[in-house]
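Here's the letter readout for the chains.
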Amino acid sequence: MVAKPKPKLAVWKFASCDGCQLSLLDCEEELLAITGMVDICYFPEATRAEVKGPYDLSLVEGSITTPHDAERIHKIRRSSRTLVTIGACATAGGIQALRNFKDVKTFIPLVYAQPSYIETLNKSTPISEHVFVDFELRGCPIDKGQLVEVLNAYLWGRKPAIRPHSTCIECKLAGNVCVMVAKGIPCLGPVTHAGCGGLCPTYQRGCYGCFGPKEDSNTRSLAARLASPIGMEEDDLVRLFRSFNAYAEDFRKESEAHED
Amino acid sequence: MWTIQPRGLGDLLEALRNRGYRVVGPVVRDGAICYEDLGSIEDLALAWLDEQEPGNYRLTGSGNGDLFSYSPGAHTWKKFLHKPSVTLWRATKDQKGLHLKEEPTAEGKVALFGARPCELAAIAIQDRVFLEGPFVDSFYAAARKEMFVVALNCSHPSKSCFCVSMKTGPRAATGFDLCLTEIHPNGEAELVVEVGSETGGLILADLQRREATEKDLEAVRKTLEEAEQRVERSLDTEGIQGLFDRSFESPQWDDVARRCLGCANCTMVCPTCFCTTVVESSDLAGAEATRTRIWDSCFTKDFTYIHGGSVRPSGYSRYRQWITHKLANWIEQFGTSGCVGCGRCITWCPVGIDITAEVEALRARERTGSGSGGSSHEGNA
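Line order of the protein sequences matches chains A and B. End of the first sequence sits at 262 in our numbering; the numbers just go up one at a time, nothing left out. End of the second sequence sits at 384 in our numbering; the numbers just go up one at a time, nothing left out.
Just chain B, same shape as in the assembly (with noise of 0.2 angstroms):
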C-alpha cells in the first residue's frame, strides 16, 4: 500500500495516457455526475456532493475539503464496454451477389478512472454474460481485454445506495489495477492506493509515492467503517428465488404497474442490464444494408413482440420481469444477483420507484396474506 497526495491523481492520468490508454472518468456535465473522457486532471470531478432519493438528483459543491463526496451518478461504464450502439456488419449487394463485411471489433485501450466497488461487480457480472458463456461477445471482449481500472472506494455513499446488503461495497476487493481511498490524516485530503495487478504496479512506480503508514491504514479502515455505517438502504435476500416464485400473482404487481412509467430508465441505467435489439437498415438504392445492435429494455412492448402480439403485454408483466430476473432468475442464469446495489434505478426513475421498497412490499404481502391470487385480471399476461 502506498500514499500519494491529490496532486498525484493528475500524475496517475499523465502515466496513463502516456502509455496509450484513453482514460475516461467522472466529470461534471448538465448537473450530474457522467463518464466522459479526461483530456486533463481538470475535467475529472472533484469537490462536489452529490444529493440523491428515489426519482432526484442534486449536485452541489461539497464545501468540505473532500475530493470524492459523491457517490455514483447519471452514467454506467457500461457506455465504454457494452456500447449503446454497434455496427455488426455491413453488406453490399452488386452484379456479383451479396457481400457481407464484418465490423472491426479493435478498440483502442480504455483506462477506467474511478470506478465504485459496486460498479466493478457490474463490471464482474456482465464479464459472466459476455465472456464466460456458450456465446463470447467479440465487441465486449475487445473493448474489455486491455481495459485497465483505477477503483475508487466509496466514502460517502447516496442515500439510494445499497451495496452493503448486495456484498459488493463499499470497498473493492478484486477487479481493479489500482484502488484509491481518500483519507484526511491530517486535515489534508490524501490517497491511499492499493495494487490489484502488475500493470497497476507499473504504473504506480512513476508516481511520487511514499509507503503507507499503519496510520494512514487506520484511516482507511474508518473511512470505510463509516461509510458502510452511512449506507442508510438495504435490499433483503434471503431466499429471494423462493419469495418471487411465491409472488408470481401478487398484488404488487398491479400496485407497481399503476406508478412504473414504462419508460425503461431503470433499465438503460443499470450497469448489468444487457439486453439490445437489432435493427437492420439500408439505403434507398437497396444497395447497402448495416445491422446495428442497440441498447432495448424488457420494459418496451416490442422486446418481446412475436406472431400475434407482445408476450408481456402490460405494465403489470413487464415490471414483474425486470424484477424478476434481475434479483431471482438472474441467480439461476449466472451464479450471482444481477443487482449490485448502486441504486440508480431509484434516484434514475421519473416517478421514484425504488426496487427495495418493492421487494419489501412483496414480503409485507406475503405476511400479511395477500401475498398471491388476489391480481385482478392479468393471469401470467
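Isolated chain A (complex conformation) (with noise of 0.2 angstroms):
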C-alpha cells in the first residue's frame, strides 16, 4: 500500500508584521507533530526551500494594500483547495487601515522622499474583500492554540472549534473580575471575539479589541456606556474602536459615529 501523501500547506504574506506566521514557528511543541502532518511547501519566513502548488491549505497573513497584491491573492486563490486568512490584517485590514480613513495620497509625500516610487491603494482591505475566504481566524497576533486548532480542523475534515462569543466568557471562565464594572476601566471585551483568553484584563487592563468584533456586537450600547457613566469623549471613543481592527464593519460604524 503505498501512504497517504501529506497535505500541502503554503503560508503567504502580505501587508503585516509577520507576527502571525510567528506565532506558527512559535507553535514549539506542537511544530514536529505539525511537520509529521503536513508538508510545508512555502513558507518564506521559516525556509527558502520552495515546492510548486497547487497546495491543500493556505494560510494568509497580511492586508491588501497594493495593485499588485489584488493580482497576487487571486494566484493563491486558485492554487489554494482551502484558504485560511490569519491575523487582524488579513482579516479586517489590520492598524494600516487607518489610512482608509483619509486620503493616503497626503500622507506619500510626508513619509517618502520619492513619493513617485509608491504605488498603493487607497485603501487596506480584507483578504475576504477579495477571494473567497474559507476560514477567518481573528486577532492581532492570533493566538497560537486556536492555530493550531484550525489547522488540526482542516486536517480531520472538520469544523474549527473556534467561538465567536465575547471575550467576556474568556474572563468569567478564567475567574477574572470584569475591570470595566469593579474600576471603571474602559474595555472592549463585551463586543469583543473571543480568543486570547482575556488577557488584557486578566492584568487589570481594558481590552483592546484586537480579535476585533464578536458576533452581533452591540457597539452602540457599549459606546454610550463608556461615554456616560465612564467618562470617555467622543474623540477618545473615535480613537478605541479604531486600532488593530479599525475597518472591520462594526468598530469601522461606530468609530464614525464618534467622529464631527
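Since the hints were derived computationally from the structure, they do not count as laboratory data. We put the CB at the ideal spot given by N, CA and C, even for glycine. Heads up, a few of these hints could be off.
[Said to hold, decoys possible] Sample of chain A residues lacking proximity to chain B, with all beta carbon distances greater than 12 angstroms (derived): (1) Asp28; (2) Pro56; (3) Thr68; (4) Ala72; (5) Thr84; (6) Leu100; (7) Asn102; (8) Lys107; (9) Pro111; (10) Leu112; (11) Ile120; (12) His132; (13) Leu201; (14) Ala259.
[Stated by the list, open to error] Each computed DSS-like pair below joins lysine-lysine, with the alpha-carbon atoms no more than 25 angstroms apart: (15) Lys6/A with Lys161/A; (16) Lys162/B with Lys185/A; (17) Lys99/B with Lys6/A.
Can you join these two chains into the complex? Each is in its own frame, and there are hints to help.
Structure, rendered in C-alpha cells:
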C-alpha cells in the first residue's frame, strides 16, 4: 500500500508585521507534530525551499494594500484548495487600515523622499474583500492554540472549534473580575471576539479589541456606557474603536459615529 | 445556638482543614470579593464594605468594626460544584481500535466558608437540576456529596440585592452545616452559630464557644430584621408566568435589545445558570481525543445553532429567552423560580441592565396597553 501523501501547506504574506506567521513557528511543542502531518511547501519566513502548488491549505497573513497584491491574492486562491486568513490584517485590514479614514495620497510625501516610487491603494482591505475565504482566524496577533486548532480541523475535515462569542465569557471562565464594573476601566471585551483568553483584563487592563468584533456586537450600547458614566470623550471613543480592527465593519461604523 | 468570638473563625477554618476539607471562601482580589482557597484565616475577607448598583461595583474598607459588611461579589460557588470546564472523557486510537476512558469524578471534600442565604437557595436549585432529574450529573454529584457549608446570614445587603422578594434571604433557613450571624452586643463583633447538621455539631464542639444568651438571639433577630428592611430592590413575582406568556411580543424586547451587549456576563455570574457546551479536541496525529464540557450561555448565537442557522438569531430573542426561562418557565420545569435575588446580573452587567426593572417595564407596558403586538420586525425570531 502506498502511503497517502501529506497535505501541502503554504504560508503567504501580504501587508503585515509577520507576527501571525511567527505564531506558527512559535508552536514549539506542536511544531514537530505539524511537520509530521503536513508538508510545508511554501513558507519564506521559515525556509527558502519551495515546492510548487497547488496547495491543500494556504494560510494568508496581511492585508491588500497595493495593485500588485490585489492580483497576487487571486493566483494564491486559484492554487489553494482551502484558504484560511490569519490575523487582523488579513481579516480586517489591520492597523494600516487607518489610512482608509483619510486620503492616503496626503501621507505619501510626508513619509517617502521619492513619492513617485510608491504605488499603493487608497484602502487597506481584508483578503475576503478580494477572494473567497474558507475561514478567518482573528487576532492581533492570532493565538497559537487557535492556529493549531484550525490546522487540526482542516487536517481532519471538521469545523474549527473557534467560538465567536464575547471576550467576557473567557474572562468569566478564568475567574477574572470585570475591570469595567469593578474599576471603571474602559474595556472592549463585551463587543470583542474571544480568542485571547481575556489577556488584558487578567492584568487589570481594558480589552483593546485585538480579535475584532464578536458576533452581533452591540457597539452602540457599549459606547454609550463608555461615554457616560465612564466618562470617555468622543475623540477617545473614535480612537478606542479605531485600532487593529479599525476597518472591521462594526468597529468602523462605531468610530465613524463619534467623529465630527 | 452558640456564640463564638471572631478569632473562632480561624479555629473553625483549622478544624475544617484538620478534617480534610479544602476550605474555600471570600477573599479580596482585584478590587472585588472572590471565592477562592482559604489557606489561612488571613486570607478571609474581613472588614470590607461593598457598593453595588447596576453595572458598578466598588470595594472599600468598612471602617465601622463590622466583619462582614459586604454582600455576594464577583464569583459564585458554582465554580466549585458546576465547574467552568470539565473533561468528560478521553479517547485513544490505535491498531486495535478506539478506546474510551471516562474521567474520574472523585473530588476531595470541599467546605464553603461564608455562603449567603441566597447562595444556598441557588445551590438547592442546582441540586434539583443536576441531581433530581432523570439524569444525574456525576461530576456535580461527586463535588456535592461531601460538601460542608458554613453559611453566613446577611447583615449588609447591597443595593443590587432583592432576596426578600425572592424569599431567599437575608436569613438562611436550611442547607447549611453551620450558620453564622454577626452581632455587636457590646460594640464588639461576635458570631452566633446555629447548627444545621450532625457534622456541623461535631466541628463546633471543637471550638471555644459559649451558649448564646437570649440577648444574643435578640441581637440576631434585630440585625436580620434591619437587613431585611435595607433590601431596597424587589422583583414582583405575582402571576409572573402569565406576565411572560402575555409579553411574548412585547415592544420591551426591542428596548432591552438596544441596550443588551449579548456578552453573557449575566449568565456567567448567575448562581443558577447551568448551560454548557461540549467541545471536542484531538491531537494532530488523530490518535487522542478529549471531550470537554464548558460553561456556555443562551446569549451566544452558537448556543442554538442547528442546521440552517441559530434558532435565536437576535439580541431580542436571546434576552427574552434568558429572562423568560429564569423567571417563568423555570417554575414549570423545576418547581421554583430560577432567580434567587442575589443581584449579580444587575451589578456585573457592563451596561447595568436590571432584571427587576425589566419585569417592571413589562408590567408597565401591560398597564398602558403597549404590552403586545407592538414589536417591529422580529416576530418569533
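Verification of the hints:
1. The Cβ of aspartate 28/A lies farther than 12 angstroms from every Cβ of chain B, with a closest approach of about 16 angstroms, so its non-interface assignment holds.
2. For proline 56/A, the condition that its CB be more than 12 angstroms from all CB atoms of chain B holds, with the nearest at approximately 22 angstroms.
3. Every Cβ of chain B is farther than 12 angstroms from the Cβ of threonine 68/A; the closest lies at roughly 35 angstroms, confirming the non-interface assignment.
4. For alanine 72/A, the shortest C-beta to C-beta distance to chain B comes to about 32 angstroms, beyond the 12 angstroms cut-off, and the non-interface label holds.
5. Here threonine 84/A stays apart from chain B, with its beta-carbon at least about 16 angstroms from theirs, past the 12 angstroms limit.
6. Every Cβ of chain B is farther than 12 angstroms from the Cβ of leucine 100/A; the closest lies at roughly 26 angstroms, confirming the non-interface assignment.
7. The Cβ of asparagine 102/A sits about 26 angstroms from the closest Cβ of chain B, beyond the 12 angstroms cut-off, so the non-interface label holds.
8. Residue placement check: lysine 107/A keeps its beta carbon more than 12 angstroms from all beta carbons of chain B (closest about 39 angstroms).
9. Its beta-carbon lying about 43 angstroms from the closest one in chain B, proline 111/A satisfies the requirement of being farther than 12 angstroms from that chain.
10. In this structure leucine 112/A is separated from chain B by more than 12 angstroms, as the shortest Cβ-Cβ distance comes to about 39 angstroms.
11. Every C-beta of chain B lies more than 12 angstroms from that of isoleucine 120/A, the closest at about 42 angstroms, which supports listing it as non-interface.
12. The claim that histidine 132/A lies off the interface holds: its Cβ sits roughly 26 angstroms from the closest Cβ of chain B, which is beyond the 12 angstroms cut-off.
13. The claim that leucine 201/A is not at the interface with chain B holds, since no C-beta of that chain comes within 12 angstroms of its own (minimum 15 angstroms).
14. Non-interface call for alanine 259/A relative to chain B: holds, since the shortest CB-CB distance, roughly 14 angstroms, exceeds 12 angstroms.
15. Between the alpha carbons of lysine 6/A and lysine 161/A the distance comes to roughly 22 angstroms, so the proposed pair stays at or under 25 angstroms and holds.
16. Distance check on the hinted pair: lysine 162/B and lysine 185/A sit about 18 angstroms apart at the alpha-carbon level, within 25 angstroms; holds.
17. At roughly 21 angstroms between alpha-carbon atoms, lysine 99/B and lysine 6/A fall within 25 angstroms of each other, so this suggested pair holds.
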